[in-house]
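Q: Residues per chain are reported as follows:
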Amino acid sequence: MGGLSFRAGNRLLPPLVLVFLIVPSRQSLAIPAFSRMYGTSCSTCHLDFPKLNDFGKAFKDAGFKFPKDDESMLKIPPVMLGAPANAELWPKAIWPGTIPGIPPIGLRYNQYFQYTSTNRSNFSQLSPSGTVTPFIPTTDFEAGYFSIFTAGNFGSDIAFWVDDDISVSGANSNGTLGEAYLKFVDIGRLMKLPSYALSLRVGQIELDIPFTQAKSIWISPYDIYSQANIGAVNPAFGQQFVNNSFAFAGSGKGIEFSGGHSIGGYHYSVAFIDQDTSNTPQATNNAYVPSATGSNNGGIGFASDSNFKDIYTNFQYRFNLERDKASRDAIQAAGPTGPRDHTYVNVGSFWLYGRSVQRLSGATTEGLPTVITAREPFYRVGGNATFNYRCCLQFNALWMYGHDNNLLPVDANGTVISLPVGTMPLPVGFISGQAATFSGGFADVEWLAYPWMMVLMRYDGVNSTSDYINGLVSGGFTGSPFNGAARATRNRLTPGVQFLIHANIKASFEYQFRPSQSVVFETSPVTGLPVAINPFHTNTAVAGLEFVY
Amino acid sequence: MMRSFLLMLLLTAALAVTATAGTIEGTVSPGKSSVVYVDTIAGKTFPAPSQQPVMDQKGLQFSPHVMVIQAGTTVEFLNSDNVQHNVFWPSISGNKKLGHNLGTWPKGDKRPFKFDNPGVVSLLCNVHPEMSGYIVVSPTSYFAETDASGHYKIDNVPDGKYNVVAWHEGMKQQSKSVDVSGTGKADFTLSK
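Sequences listed follow chains L and V, in order.
Following the numbering used here, the numbering of the first sequence begins with 1 at its first residue and continues without gaps.
Following the numbering used here, the numbering of the second sequence begins with 1 at its first residue and continues without gaps.
Okay, chain L solo, but in the shape it has when bound (with noise of 0.2 Å):
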């Protein structure tokens, strides 16, 4: 029985919460808002805020609305925008609408403690003695985020979302914003198809990735959904023109069609986003262009890097494995304690396909300047699989594949041109070389060990060639994205322990047992080529605090 396992887990409760009450979670993101309209608990949702339940997935799938009797589940009435009937109006009078009874507005604030171990200012062992270098202490006590988001449905099926770190800029946003979008929920129904069969998502939106970023309970993010494509440029090498910043971690500004049910059987999505692979924020993106949304002497700039648009499609198909019929066609299946998530299998695959561009100043065969730009097509494809026993314990795994081809300037002779271009010998036009690529994944396992504890594990990968030969370079260890990776590839094991306080307060901790570093290289004898020598790990423990009201 329920109170059972409450009993058992009050033993460990009180040193346990000690610890964590003593030191400071990071990103997440719960909705009060939402409790405060229907007058119910976050774990209405949420398992471990904000890893949703799947009550909460149907709920968000509804357009943030409960999927049947919405109306007699608001504690706080909507307020009308024109009575129902104006409806029969139309084209004479405006769609009659909703608003939240109150302003559905949430705010979140985490902080967190880090402790690093003895390797931290390894990466500083070649600086000639009695220089200054950055320096790293031990412990440290950080500010998190402080965000605000809101959320609900403004009637006719039309949700919205708007999320927005307000005082540093989170994993997921662009600028200070996180997602912004309204969904048009079940526009199928014009073309009659069932309910579930097609939205639309407009706005700055997270891709529709397996497994979210931006709402993950993990307090590090996944290091693929990180990872940008940078070719090598280490002269040693053989160099690679790819300069491809876009990662999975960031949000995109466009539109998405989806459908299906996040609660069993298919569930698709297709986007169309921005490219957008310099990272240049918008607002100093070609700012002093006149944008149709700013003045004639200079709009809000621009996201796009080029006209193409990305292209993102992902399917996933979630095979219910409940033997009864009841508990597999419900929302959540009927346990003997209560409702619970179902026991599944949930396979899927997602592709995104884009053009990288760069421009350079360079000339013509007749030798006059000009500009010439490479346009590299590149893809992300994946899978990814998840099994569910029911409420407490899942297995995840996604793999990933990037893949940029990559265009080498040459001189007016067809000679390749060192990198980083120079204002002489002149680019005048692209020969094809090795693509740059990488891959990688993770695995996680999240036992909710009690309603109040969450037990993690995750590992790591992310196989990068160019990460590793672009530290092998004098003082390029600290430049490089990994801060000189001893290995092409990178391995990270993080344990992890979560408790929830109350419901919607959260103790974190993970301890990560980091890739190896490196900042020595030598001249392998075999190769001729640079190496790695002397690796060492610099881990990490991070313990957070994280509340949403």
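Calculated directly from the structure, the hints in this document are not laboratory data.
These numbers come from a predicted model, not from an experiment.
Built from N, CA and C at the ideal position, the CB exists for glycine as well.
Treat the hints with care, since some could be wrong.
To be verified - Example chain L residues on the side facing chain V (calculated, C-beta under 7 Å, incomplete): (1) Thr40; (2) Ser41; (3) Lys68; (4) Asp69; (5) Ser72; (6) Gln332; (7) Pro336; (8) Thr337; (9) Pro339.
Dock chain V against the given chain L, drawing on the hints supplied.
A: Chain V only, in chain L's frame:
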């Protein structure tokens, strides 16, 4: 003739019983939704009532929030919501051995449970932790719930001396000895 005689006899007997049955009344602070009942009466038993009251789950709330029943009553637990609910109680008046979980059932279905043990049953839903309801199981058939002003009245109590118990959510239970001779009066001021 014989039939009329028997009818008169029955009426007389009924009037005689009514004449010896009294009331207990009074007020309970903090007021509404308090429960007052006559505690166990030594040597007296009460047949289980045939009525089966309904404890509903509607709009993510137990309705009514407080219900008082006589021991031996079977309560029907109804789910009127389009979401699944669960009903359980970890104990009855602190006795964890009497905890029970009724499971989960869909909209429109009912699950019965017969409450044989007197005490306070704190109803919970495993999936909606904010949901709370109470069933107060009285050992006797003499019980009442207070009105909006905190007033209660228990009818048909035979003359005698009784231990009367008052309960309110979140307050310490209180009991008083009351003499009923036609009427009895007991006011309660409960505290946390």
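Q: It remains to establish, for every hint, whether it holds in the given structure.
A: Right, here's what the structure says about each hint:
no.: 1; hint: Thr40; verdict: 5 Å, holds
no.: 2; hint: Ser41; verdict: 5 Å, holds
no.: 3; hint: Lys68; verdict: 4 Å, holds
no.: 4; hint: Asp69; verdict: 4 Å, holds
no.: 5; hint: Ser72; verdict: 6 Å, holds
no.: 6; hint: Gln332; verdict: 6 Å, holds
no.: 7; hint: Pro336; verdict: 5 Å, holds
no.: 8; hint: Thr337; verdict: 5 Å, holds
no.: 9; hint: Pro339; verdict: 4 Å, holds
Every hint from the earlier list agrees with this structure, and none is contradicted.
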